[in-house]
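Asks: Chains as they are written, first to last, in the working numbering: chain A, 1 to 249; chain B, 1 to 249.
Derived by calculation from the structure, the hints in this document are not laboratory data. Among the clues, some could well be false.
Pairs involving identical chains hold if they fit within one copy or between any two copies, as the list cannot separate such chains.
[To be verified] Lysine to aspartate or glutamate pairs mimicking EDC-like chemistry, simulated, CA-CA at most 16 Å apart:
hint : residue 1 : residue 2
1    : K2        : E121
2    : K22       : E174
3    : K7        : E26
4    : K7        : E163
5    : K7        : E21
6    : K7        : E209
7    : K181      : D50
8    : K7        : E192
9    : K181      : E196
10   : K2        : D228
11   : K22       : E121
12   : K181      : E51
13   : K7        : E29
14   : K7        : E164
15   : K181      : E142
16   : K2        : E163
17   : K7        : D93
18   : K7        : D191
19   : K22       : D162
20   : K7        : D169
21   : K7        : E227
Protein chains: 2
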Amino acid sequence: MKSILFKHRSIRRFRSTPIPEKVLREVLEAATRASTCGNMQLYSLVVTRDEALRRRLSPCHFDQPMVAEAPCVVTVCADVHRFTLWCEQRDADPAYDNFAWFLNASTDALLAAQNLAIEAELHGLGICFLGTTIYTARQICEILELPAGVIPLTTVVVGYPDEEPGLTDRLPLEAVVHYEKYSDYTAAGIDELWAEREASELTRRLLDENGLPNLAQVFTRNRYRREDNLAISRSYFELLRRQGFFNND
Amino acid sequence: MKSILFKHRSIRRFRSTPIPEKVLREVLEAATRASTCGNMQLYSLVVTRDEALRRRLSPCHFDQPMVAEAPCVVTVCADVHRFTLWCEQRDADPAYDNFAWFLNASTDALLAAQNLAIEAELHGLGICFLGTTIYTARQICEILELPAGVIPLTTVVVGYPDEEPGLTDRLPLEAVVHYEKYSDYTAAGIDELWAEREASELTRRLLDENGLPNLAQVFTRNRYRREDNLAISRSYFELLRRQGFFNND
Numbered sequence: 001m002k003s004i005l006f007k008h009r010s011i012r013r014f015r016s017t018p019i020p021e022k023v024l025r026e027v028l029e030a031a032t033r034a035s036t037c038g039n040m041q042l043y044s045l046v047v048t049r050d051e052a053l054r055r056r057l058s059p060c061h062f063d064q065p066m067v068a069e070a071p072c073v074v075t076v077c078a079d080v081h082r083f084t085l086w087c088e089q090r091d092a093d094p095a096y097d098n099f100a101w102f103l104n105a106s107t108d109a110l111l112a113a114q115n116l117a118i119e120a121e122l123h124g125l126g127i128c129f130l131g132t133t134i135y136t137a138r139q140i141c142e143i144l145e146l147p148a149g150v151i152p153l154t155t156v157v158v159g160y161p162d163e164e165p166g167l168t169d170r171l172p173l174e175a176v177v178h179y180e181k182y183s184d185y186t187a188a189g190i191d192e193l194w195a196e197r198e199a200s201e202l203t204r205r206l207l208d209e210n211g212l213p214n215l216a217q218v219f220t221r222n223r224y225r226r227e228d229n230l231a232i233s234r235s236y237f238e239l240l241r242r243q244g245f246f247n248n249d
Numbered sequence: 001m002k003s004i005l006f007k008h009r010s011i012r013r014f015r016s017t018p019i020p021e022k023v024l025r026e027v028l029e030a031a032t033r034a035s036t037c038g039n040m041q042l043y044s045l046v047v048t049r050d051e052a053l054r055r056r057l058s059p060c061h062f063d064q065p066m067v068a069e070a071p072c073v074v075t076v077c078a079d080v081h082r083f084t085l086w087c088e089q090r091d092a093d094p095a096y097d098n099f100a101w102f103l104n105a106s107t108d109a110l111l112a113a114q115n116l117a118i119e120a121e122l123h124g125l126g127i128c129f130l131g132t133t134i135y136t137a138r139q140i141c142e143i144l145e146l147p148a149g150v151i152p153l154t155t156v157v158v159g160y161p162d163e164e165p166g167l168t169d170r171l172p173l174e175a176v177v178h179y180e181k182y183s184d185y186t187a188a189g190i191d192e193l194w195a196e197r198e199a200s201e202l203t204r205r206l207l208d209e210n211g212l213p214n215l216a217q218v219f220t221r222n223r224y225r226r227e228d229n230l231a232i233s234r235s236y237f238e239l240l241r242r243q244g245f246f247n248n249d
């Protein structure tokens with residue numbers, strides 16, 4: 001029998017039922033059991049349950065209704081601030097305000113976030129990761145009052161599911177796994193890896209809806225467009241400097 | 001009863017017993033079930049089992065014996081290359097060679113990596129994440145022949161454990177969880193959060209070994225020093241440009 005990991009679906013419709021304190025605490029504790037660089041735990045989990053505040057966060061996530069509807073929105077942040085404060089109070093000279101530690105802290109934070117998601121699902125909760133977090137990270141910093149040394153990476157919406165979506169397809173395992181070294185793809189290989197998805201009913205529907213000749217163009221022309229990608233790259237990088245994660249000299 | 005997530009320990013001594021194909025495949029498949037941005041699966045898992053190649057990777061991880069000893073070393077990479085190739089073959093105009101997509105791909109990759117770790121543990125395997133990956137990412141790119149659009153983020157060593165370490169302590173949950181908004185720490189709060197760890201037997205031993213007055217200085221003066229942090233920041237950022245993840249204009 002396959003593990004719980006094989007049952008994951010992103011949930012986008014939630015009941016308003018609150019998460020019992022004890023369950024939420026266990027979910028958050030499970031997050032902290034993930035591997036962490038030097039046991040430094042370079043992340044913060046901002047757990048927003050207050051409805052008014054969730055409504056303020058909602059535009060940061062393009063007003064997807066789940067942000068206001070689900071009982072709990074967890075903004076997952078890289079955090080070198082807490083560790084830096086501790087060092088300063090101990091007459092130690094911390095140098096964690098640079099890109100290496102953005103990477104280390106992000107790794108800590110995202111491993112913890114996935115533990116949080118899995119533990120939530122073990123308790124019958126549903127989750128959805130919100131990639132919109134990096135688009136609007138500056139506004140999220142303001143709403144959640146994140147100090148320097150803290151920056152949002154992703155958001156996990158958590159609550160009891162009000163839908164039962166089917167499992168999403170994935171590319172064949174061979175698409176993402178390389179044995180020994182990286183084996184580059186041939187043109188025929190790429191065609192083969194995407195063949196099933198491109199032939200699917202879902203793809204046919206997407207092409208109809210978008211009026212486009214193929215699935216790749218749905219991504220490049222509608223979903224994740226050049227001008228948006230560049231604007232997000234610049235704004236997040238600027239925020240990275242502003243929040244004190246890029247003092248590399 | 002608490003979930004498997006509460007039993008995680010990093011394993012650093014492994015038996016040489018190979019991982020059965022079927023188990024390895026299930027572990028890798030579990031990785032692909034993690035949430036992924038737009039179902040794009042922007043990562044590659046480079047699974048190195050060949051001993052000679054593991055020995056070549058070993059210096060990239062400061063010659064920690066587990067890299068040569070464990071049967072399987074998985075280098076977890078952000079990968080926009082595969083998706084870009086597909087777009088190009090479909091007459092779509094991809095723009096994923098920028099910082100926003102380094103962030104999206106890293107998120108995909110690290111959520112998948114944590115799934116991999118958990119599924120491995122469900123099968124009685126042990127794992128260790130290697131933070132050294134970002135220190136020597138350029139050399140890893142060369143050894144594993146990673147093309148532009150691919151960059152290493154972390155490494156997971158996987159195998160059957162040859163040790164049974166105890167659970168590592170964590171800061172109190174209140175250290176990393178903030179309710180509603182971020183609540184900044186008071187000096188007294190910081191003291192309290194670290195009190196138990198600072199009073200521990202492990203800390204006493206570390207201070208003796210390092211000849212230093214407190215635990216914070218073990219980090220800043222010995223483990224993660226300013227000059228190293230800055231050098232890693234610069235070298236990884238340079239690699240990010242070189243691998244084509246920073247064309248933001």
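Asks: For every hint, state whether the structure bears it out.
Replies: Verification of the supplied hints:
1. K2 / E121: Classified as both: same-chain Cα gap 15 Å, cross-chain 13 Å, threshold 16 Å.
2. K22 / E174: between (41 Å within a copy, 14 Å between copies)
3. K7 / E26: between (20 Å within a copy, 13 Å between copies)
4. K7 / E163: within (14 Å within a copy, 31 Å between copies)
5. K7 / E21: Neither. Shortest intra-copy (25 Å) and inter-copy (22 Å) distances fail the 16 Å Cα cut-off.
6. K7 / E209: Neither: 28 Å inside a copy, 47 Å across copies.
7. K181 / D50: Close across copies (10 Å), not inside one copy (48 Å); limit 16 Å.
8. K7 / E192: The answer is neither: 26 Å in one copy and 40 Å across copies each exceed 16 Å.
9. K181 / E196: neither (26 Å within a copy, 44 Å between copies)
10. K2 / D228: neither (39 Å within a copy, 43 Å between copies)
11. K22 / E121: within (15 Å within a copy, 25 Å between copies)
12. K181 / E51: Answer is between: at 13 Å across copies they meet the 16 Å cutoff, but 49 Å inside does not.
13. K7 / E29: Intra 22 Å, inter 12 Å, cutoff 16 Å: inter-copy only.
14. K7 / E164: within (11 Å within a copy, 30 Å between copies)
15. K181 / E142: Close across copies (10 Å), not inside one copy (44 Å); limit 16 Å.
16. K2 / E163: Close neither inside one copy (22 Å) nor across copies (27 Å); limit 16 Å.
17. K7 / D93: neither (46 Å within a copy, 34 Å between copies)
18. K7 / D191: Neither: 28 Å inside a copy, 42 Å across copies.
19. K22 / D162: So K22 and D162 fail the 16 Å test inside a copy (21 Å) and across (35 Å) alike.
20. K7 / D169: within (12 Å within a copy, 30 Å between copies)
21. K7 / E227: neither (35 Å within a copy, 45 Å between copies)
Consistency note: the structure conflicts with the earlier hints numbered 5, 6, 8, 9, 10, 16, 17, 18, 19 and 21.
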